[in-house]
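Protein chains in written order, with the numbering used here: chain A, 601 to 809; chain B, 167 to 787.
Read the hints as simulated data drawn from the structure, not as lab findings. Hints may be right or wrong, so weigh each one.
Said to hold, decoys possible - Selected chain B positions facing chain A (Cβ under 10 Å, derived; list incomplete):
(1) THR222
(2) PHE276
(3) ASN342
(4) LEU375
(5) PRO379
(6) GLY396
(7) ASP610
The beta-carbon is built from N, C-alpha and C at its ideal position, and this holds for glycine as well.
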Amino acid sequence: MTAHGAVVAPHQEEGPTAAGHGTQGIDTALLGMLLFIGSEIMFFAGLFAAYFNVRASSPEWPPPGIDFIQPLPLPAIVTGILVLSSVTMQLAVWRIRADDRRGLVRALLISLALGVVFLFLQVYDYYVLLTDDDFGIDSGVYGSLFYTLTGFHGAHVFGGVVGISVILLRSLQGQFSARHHIAVEAVSAYWHFVDVVWIALFITIYLLK
Amino acid sequence: MATTTLRPQLGTYGSTRSWVYEWLTTTDHKKIGVLYITTAFLAFLIGGVMALGVRTELAVPGLQFVDASLYNQLFSLHAITMIFLFVMPMWTGLANYIVPLMLGAADMAFPRINALSYWMIPAGAALILGSFAFGGAPIGWYMYAPLSATDPAKGVDMLLMGLVLLGTSSILGAINFIATIFKMRAPGLTLMRMPLFVWNTLVTSVLLLFSLPVVTSGIAMLFIDRNYGGGFFDPALGGNPVLWQHIFWFFGHPEVYILILPAFGVVSEIVPVFSRKPLFGYRAFVLATASIGALGFSVWAHHMFVTGAVYLPFFAFFTFLIAVPTGIKFFNWLATMWGGQLRFDTPMLYAMGFISLFLIGGLDGAFLAVVPFDFMVNDTYWVVSHIHYVLVAGSVFAIFAALYYWFPKMTGTKLDERLGKVQFWILFIGTNLAFFPQHLLGLDGMIRRVADYASNAGWTELNFLSTIGAFLIGVSTLPFLWNVFVTLRGPRDAADDPWDANTLEWATTSPPPTYNFDALPPVRSERPLFDLKHGAVAAHATALPAASGQTHGELREDAAEERLGKPVEGDRDESGEPRGVAPGVSAEAPDATPVAGRSEPDMAEALRQDAEKPSKPGEPT
Numbered sequence: 601m602t603a604h605g606a607v608v609a610p611h612q613e614e615g616p617t618a619a620g621h622g623t624q625g626i627d628t629a630l631l632g633m634l635l636f637i638g639s640e641i642m643f644f645a646g647l648f649a650a651y652f653n654v655r656a657s658s659p660e661w662p663p664p665g666i667d668f669i670q671p672l673p674l675p676a677i678v679t680g681i682l683v684l685s686s687v688t689m690q691l692a693v694w695r696i697r698a699d700d701r702r703g704l705v706r707a708l709l710i711s712l713a714l715g716v717v718f719l720f721l722q723v724y725d726y727y728v729l730l731t732d733d734d735f736g737i738d739s740g741v742y743g744s745l746f747y748t749l750t751g752f753h754g755a756h757v758f759g760g761v762v763g764i765s766v767i768l769l770r771s772l773q774g775q776f777s778a779r780h781h782i783a784v785e786a787v788s789a790y791w792h793f794v795d796v797v798w799i800a801l802f803i804t805i806y807l808l809k
Numbered sequence: 167m168a169t170t171t172l173r174p175q176l177g178t179y180g181s182t183r184s185w186v187y188e189w190l191t192t193t194d195h196k197k198i199g200v201l202y203i204t205t206a207f208l209a210f211l212i213g214g215v216m217a218l219g220v221r222t223e224l225a226v227p228g229l230q231f232v233d234a235s236l237y238n239q240l241f242s243l244h245a246i247t248m249i250f251l252f253v254m255p256m257w258t259g260l261a262n263y264i265v266p267l268m269l270g271a272a273d274m275a276f277p278r279i280n281a282l283s284y285w286m287i288p289a290g291a292a293l294i295l296g297s298f299a300f301g302g303a304p305i306g307w308y309m310y311a312p313l314s315a316t317d318p319a320k321g322v323d324m325l326l327m328g329l330v331l332l333g334t335s336s337i338l339g340a341i342n343f344i345a346t347i348f349k350m351r352a353p354g355l356t357l358m359r360m361p362l363f364v365w366n367t368l369v370t371s372v373l374l375l376f377s378l379p380v381v382t383s384g385i386a387m388l389f390i391d392r393n394y395g396g397g398f399f400d401p402a403l404g405g406n407p408v409l410w411q412h413i414f415w416f417f418g419h420p421e422v423y424i425l426i427l428p429a430f431g432v433v434s435e436i437v438p439v440f441s442r443k444p445l446f447g448y449r450a451f452v453l454a455t456a457s458i459g460a461l462g463f464s465v466w467a468h469h470m471f472v473t474g475a476v477y478l479p480f481f482a483f484f485t486f487l488i489a490v491p492t493g494i495k496f497f498n499w500l501a502t503m504w505g506g507q508l509r510f511d512t513p514m515l516y517a518m519g520f521i522s523l524f525l526i527g528g529l530d531g532a533f534l535a536v537v538p539f540d541f542m543v544n545d546t547y548w549v550v551s552h553i554h555y556v557l558v559a560g561s562v563f564a565i566f567a568a569l570y571y572w573f574p575k576m577t578g579t580k581l582d583e584r585l586g587k588v589q590f591w592i593l594f595i596g597t598n599l600a601f602f603p604q605h606l607l608g609l610d611g612m613i614r615r616v617a618d619y620a621s622n623a624g625w626t627e628l629n630f631l632s633t634i635g636a637f638l639i640g641v642s643t644l645p646f647l648w649n650v651f652v653t654l655r656g657p658r659d660a661a662d663d664p665w666d667a668n669t670l671e672w673a674t675t676s677p678p679p680t681y682n683f684d685a686l687p688p689v690r691s692e693r694p695l696f697d698l699k700h701g702a703v704a705a706h707a708t709a710l711p712a713a714s715g716q717t718h719g720e721l722r723e724d725a726a727e728e729r730l731g732k733p734v735e736g737d738r739d740e741s742g743e744p745r746g747v748a749p750g751v752s753a754e755a756p757d758a759t760p761v762a763g764r765s766e767p768d769m770a771e772a773l774r775q776d777a778e779k780p781s782k783p784g785e786p787t
């Protein structure tokens, strides 16, 4: 018998055992979030597949008359905003891992503000396209693709903003610590995913002509 | 007592709430499993009535029973109901009940998400079945554009919304199962010791996780096309109708494995138990399951051979390739039965019915992989026959096998064997009578999804036979319902392990207490319960295939010393409480009362007594 007592000893020499009952390895909630992100990736993969399928079967791309979808200035600005918010979100994670609750709150506030600014700028972009360029979701398949892809991404940004708000409120109540902050890790993973999807969208829609 | 679903002492401890509230708010994986199974069976009956409507119309030439419009709604919603509201929720329900028990876990990883997943099913069902009141959804179950994008019926939009709900439910369920399987296994239960039903649930969940979101995106596009002037599937606006087929079948082909892989798992649990042998080729079976899952993502376009828009040799080749792992499974089942002591209880009858009839479905599916043959029979009754041989003779037979097999675990009483065998033979004959003639009709060129056929085409007799078979299938549900009814009114006297089975779910009481296990037996192989019961005997049985590397050979040396309930690594949590015991419940749980008529040794009792010996809960270890 070892110092650990009779309960553990008899089977310690046994071969590989399972990560029993969630005590080892990745946290169960974080695993759930990563799996959810996996399914979200497939959702956007469907939308991207539609984009490239239609693009490949079209004689001209973008369709004639669409010259107002340009990377500069607004799309490039919102891309910078979202990338910056990913950085601040990661800072939030690092701060709470170091048990710095004030740093966590600060970083979350900045991330939240950047996410909200992104959403406002997207709405502004939609407004300009709809009024000045008369370009809507029913303006041919290009309009359908543009608004569906960016719209579903915007909905996910909104979901991320809600998630950040929740963990911000929880961190204001002092619920997180260096040992207990799995919700921060999960929301951060989701926010990075939303950011990566935008980068893919930006390249696909604005840069690949 | 006689009319309660669970023995009173097994309910929630100290609860004074009504049973209605209890069932509406439960997060217990067993209760959610029962809710899933009941809902799914209800959908089976509704979808069956629609099928009988279709077959009644087709019994003789001419339009006598329904008009063409209602016919279109019936066959569309029959398929949607059976696939999305019956088979998928039924497998989710069975896995919900059984998988945590097989893993030695107390519940699923995310119990509240589990409840959310279930409650999306009735909501989705209400939308889908409610579409009948809003013009129906006469667009076929795979909803091809441009028909689905232009059909003016509001029922189509309801159907699409319902499908998104059901899809979200399945995605959340898949996340839950994967997290449960990777994080909640009992100590010693390594991946390569997991029961095959768990393995198949795992692969099914991966397929769900990666295929359903794709069709969800497609449904979103379809909804935008229908309601907001989108042009995804409209060539006039620059869209592409074949795009829908790609998106749908990228989900649709994994979907058929989602419907059948759990069936493989069930049969792989039942065949060894009723053959009194370990499963032949456990590792090969696991690899075959995983490769079916992987290949399932590379064959979607074999549904689109006639579009002329896909690369035929690639998809034909990969479709044939899937026959290899499927064939491995067949050989494994047959080799398991070979030389075994077969018992022909109802679960085994259904499993053998599955093996024999699914083979027909698999073979006529392999015909369809031959491109020229597919060109000939595409959209004929050959395809109808194929899908029903794999889904009725496949999934439905395995579902009944599972229901008969696990019914004693869920309720504490076995279903009546005589009625079960009557049901099996009616269903077996009905299935063949309904679907075999459709092979011949398809070869003869009868097109599916048409409400009528010419009286001089020579198809009348075969169609009439098919209709008789369909009604036999309908009749076969009556002995089952009667069986469930009378059995639940009778005494709950089934033993904890009535089939002398191998896996952990039989190591607890029937039905299990809320917390599932007092203590867990040690897990040294993929048959922990067999080791527990027969380990000492098996230790001397040199004839057993105990070669190195065989998982069921690893227990031999120490098997004689192994006792039920010996403390195993990790059977206590950090605070020293035994795992599997709900907080605040004393070791003298109320369910320790022996049940009258229990003939076999009460293992839970033995477990508890042994578990108490080494150290009392709460003592420092």
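Outcome of the hint check:
1. A cut of 10 Å between beta carbons decides the hint on THR222(B): the least distance to chain A is about 39 Å, and the hint is violated.
2. Taken as an interface hint, PHE276(B) checks out: its beta carbon lies about 6 Å from the nearest beta carbon of chain A, inside 10 Å.
3. Interface restraint check: ASN342(B) against chain A, minimum CB-CB distance 8 Å, threshold 10 Å, status holds.
4. A least Cβ separation of about 5 Å between LEU375(B) and chain A falls short of the 10 Å threshold, and the interface hint therefore holds.
5. The restraint placing PRO379(B) at the interface with chain A holds, with a minimum CB-CB distance near 4 Å, inside the 10 Å limit.
6. The interface hint given for GLY396(B) holds, since its Cβ lies 4 Å from the closest Cβ of chain A, which is under the 10 Å cut-off.
7. Look at ASP610(B): its Cβ only gets to about 37 Å from chain A, farther than 10 Å, so that hint breaks.
Hint check: violations occur at hints 1 and 7; the rest are consistent with the structure.
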